[in-house]
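K.L.:
Top line first, the protein sequences correspond to chains P and W.
Just so you know, numbering that gives the first Met the number 0 puts 32 at position 33 of the first sequence, and the rest follows in order with no gaps.
Just so you know, numbering that gives the first Met the number 0 puts 227 at position 228 of the second sequence, and the rest follows in order with no gaps.
These are computed hints drawn from the structure, not numbers from a lab.
Note that beta-carbon positions come from the ideal geometry of N, C-alpha and C, so glycine has one too.
There could be a bad hint or two in this list.
Derived lysine-lysine pairs resembling DSS-like cross-links, with alpha carbons at most 30 angstroms apart [what the hints assert, rightly or not]:
(1) W:112 with P:174
(2) W:112 with P:171
(3) P:29 with W:149
(4) W:278 with P:104
(5) P:29 with P:104
(6) P:174 with P:104
(7) W:278 with P:95
Far from chain W, some chain P residues (derived; all Cβ distances over 10 angstroms) [claimed, not checked]:
(8) 7
(9) 17
(10) 23
(11) 60
(12) 95
(13) 127
(14) 185
(15) 189
(16) 242
(17) 262
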Amino acid sequence: MASDRAELPPTGQVYAARSRVEILEFFRQKEALVFTLIFPSMLLLIFGAVLNFELAPGLTFVQYFMAGMVASGVLASGFQNLAITIAIERSEGRLKRLSGTPMPKSAYFVGKIVQVIVVGVATIALLFVVGVVVYGVDLPSTAAKWATLVWVTLLGLAACSLLGIAFSSAIKNGKSAPAIVTPIALVLQFTSGVFFVFTDLPDWMQNFAAIFPLKWLTQGMRAAFLPDSFAAQEAAGSFELGRVALVLGAWTIAGMVLSILVFRWRDRADG
Amino acid sequence: MRVREAELMATESPDLDYEPATSTTPQTDVAISVRGLRKTYGDHEAVAGVDLDIARGEIFALLGPNGAGKTTTVEILEGYRRRDAGEVSVLGVDPAKADARWKSQIGIVLQGKGGDSELTVAETVRVQASYFADPRPVEEVVGLVGLTEKLKARASSLSGGQQRRLDVALGIVGRPRLLFLDEPTTGFDPEARRQFWELIRQLRALGTTMLLTTHYLDEAEALADRVGVIAAGRIVEVAVPAELGGRHLAPARVRWVEDGRQREETTATPTAVIQELSKHLGGEIPELSVLRPSLEDIYLQMIEEPA
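Isolated chain P, as found in the complex:
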């Protein structure tokens, strides 16, 4: 029979097919569109109107908040998006069905990574439009600051995605995934200097947030969006970009190890 001799399709082709359907599915899901893609811009719009005070001479809080929202967008695209959708796909048996096909297992993750990058870039682009058009937010002013924005975004997406993949395995029932994941993101946002100026937070809260990636992601984004003169007002007296890279890198490795250890293709109820 033909199937005896026929070669399996090239892996690259399967990667492309998976990436395509992951992107299509994301942009067709109203919940995903609203909560991941649009929510950060909505918050920017609302909080920007309320908290448009001057943080330092010539610097509004909206500019500070922009950095926090871009970081939150990275968290939403990677962590919330993947933790929720993978938990649902697992509960619905879609992962089990995939694992019964000859699809290379890596293709599933490549599809998710491509989706996360597309969603992350779209979320940030929407934030740029709202920030610039509505509040006259300044985009990064130098090539070096753009470079900071790019590497912090990519490293942040890597860390958040891998943590999202790993965390999805902790959710027993896909239906409850949004209710479990969303509060985690909210607590991190409140304690990591997204909604409030980080140095205004009590020490214990600052120390708590410093364990998790969002604090460092937000700090890295401030290095891209705020003038260098503001660095003196940071907790450490600088944006600590080296430490940002180190912590996000460590979380990326931890996320990868955890994902390999705990990722399951089948629902726990399925034995």
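Given the structure of chain P, go ahead and fit chain W onto it with the hints provided.
P.N.:
For chain W alone, kept in the frame of chain P given last:
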């Protein structure tokens, strides 16, 4: 019967490339071979020594109540579960060591629905086809399951029966030599089930071996070459549907109406009884019927007896 279906194929789906069920591999006549299969969950022995042989091109129905070890057995054959003991060979390969090449020759239709996808029917089938070595054309598969009009519809907008047919399309798009169907028609209306049976017969005409589990005994009777009954983790009997449990040898009940009253006689020779009656009643026998135990009667009897 096979000839009739082959003709049917030729008239209804001329674009299907017919592949005779021949192979040059040495295990040409055996698709599935199981010896002494065991699987234990905690202290519960779900599969307690199953032996099974399924020939290439055969449709085999595995019947059994919930919790009898049906799904566990099938999922071991599909490569989803590990076994505790026994020998298993599926298309000449141990499923526990199966690779993508082996999976490319297998089609799996799992129980239940596969979730609400926002992809269209065409997109869903196309991405599934992209995993396989020698897939069927997307339009052909969608046509086979009768969803041509739904090609551009979102999978999430399909009715339960249509989603199930989409599941079947995903199971057969890779041109499997062996197709697993786990309760494929649960939730179908009678019309949809008849259509589904026709699809299964078309696949049989293409040489696809099928292992079917079902709760519908009429379905097993209509489709299967042989049925196996599993109870308490063991195969109780394997037979052609008409002979399961000695059904063809069981005494018949002849029923008729005489003097306004229902009469019944149990006999091993119903023809002689009817001849006798006809003579006695002067020709036509009012409300005559000859009853044999149905597959369901036999099956219920079998699973009640401790295995």
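K.L.:
Compare the structure with each hint and give your call.
P.N.:
Hints, one by one, checked against the model:
For the suggested pair residue 112 of chain W and residue 174 of chain P, the alpha carbons sit about 16 angstroms apart, so the restraint of at most 30 angstroms is met. In summary, the hint linking residue 112 of chain W to residue 171 of chain P is supported, as the alpha carbons are separated by about 19 angstroms, within the 30 angstroms threshold. Among the hinted pairs, residue 29 of chain P with residue 149 of chain W is consistent with the structure: their alpha-carbon atoms are about 22 angstroms apart, no more than 30 angstroms. At most 30 angstroms may separate the alpha-carbon atoms for a hinted pair to count; residue 278 of chain W and residue 104 of chain P exceed this at roughly 74 angstroms.
Restraint check: the Cα-Cα separation between residue 29 of chain P and residue 104 of chain P comes to about 28 angstroms, which is no more than 30 angstroms; the hinted pair holds. Taking the CA atoms of residue 174 of chain P and residue 104 of chain P, the gap is near 24 angstroms; set against the 30 angstroms cutoff, the hint holds. Pair hint residue 278 of chain W plus residue 95 of chain P does not hold up; C-alpha atoms about 65 angstroms apart against a cutoff of 30 angstroms. With a minimum CB-CB distance of about 5 angstroms to chain W, residue 7 of chain P fails to clear the 10 angstroms threshold, and the non-interface call is violated.
At roughly 7 angstroms, the least C-beta separation between residue 17 of chain P and chain W is not larger than 10 angstroms, which violates its mark as non-interface. Not every CB of chain W lies more than 10 angstroms from the CB of residue 23 of chain P, the least distance being 6 angstroms, so the non-interface label is violated. Non-interface status of residue 60 of chain P relative to chain W is upheld: no Cβ of that chain comes within 10 angstroms, the nearest being about 38 angstroms off. With a least CB separation of 7 angstroms from chain W, residue 95 of chain P falls inside the 10 angstroms interface cut-off, contrary to its annotation.
Look at residue 127 of chain P: its CB is around 27 angstroms from the nearest CB on chain W, clear of 10 angstroms, so calling it non-interface holds up. The claim that residue 185 of chain P is not at the interface with chain W holds, since no C-beta of that chain comes within 10 angstroms of its own (minimum 26 angstroms). Even its closest Cβ contact with chain W, about 32 angstroms, leaves residue 189 of chain P beyond 10 angstroms, as expected for a residue assigned away from the interface. In this structure residue 242 of chain P is separated from chain W by more than 10 angstroms, as the shortest Cβ-Cβ distance comes to about 41 angstroms.
At roughly 16 angstroms from the closest C-beta of chain W, the C-beta of residue 262 of chain P stays outside 10 angstroms, upholding its exclusion from the interface.
In this structure, the hints that do not hold are numbers 4, 7, 8, 9, 10, 12, in rising order.
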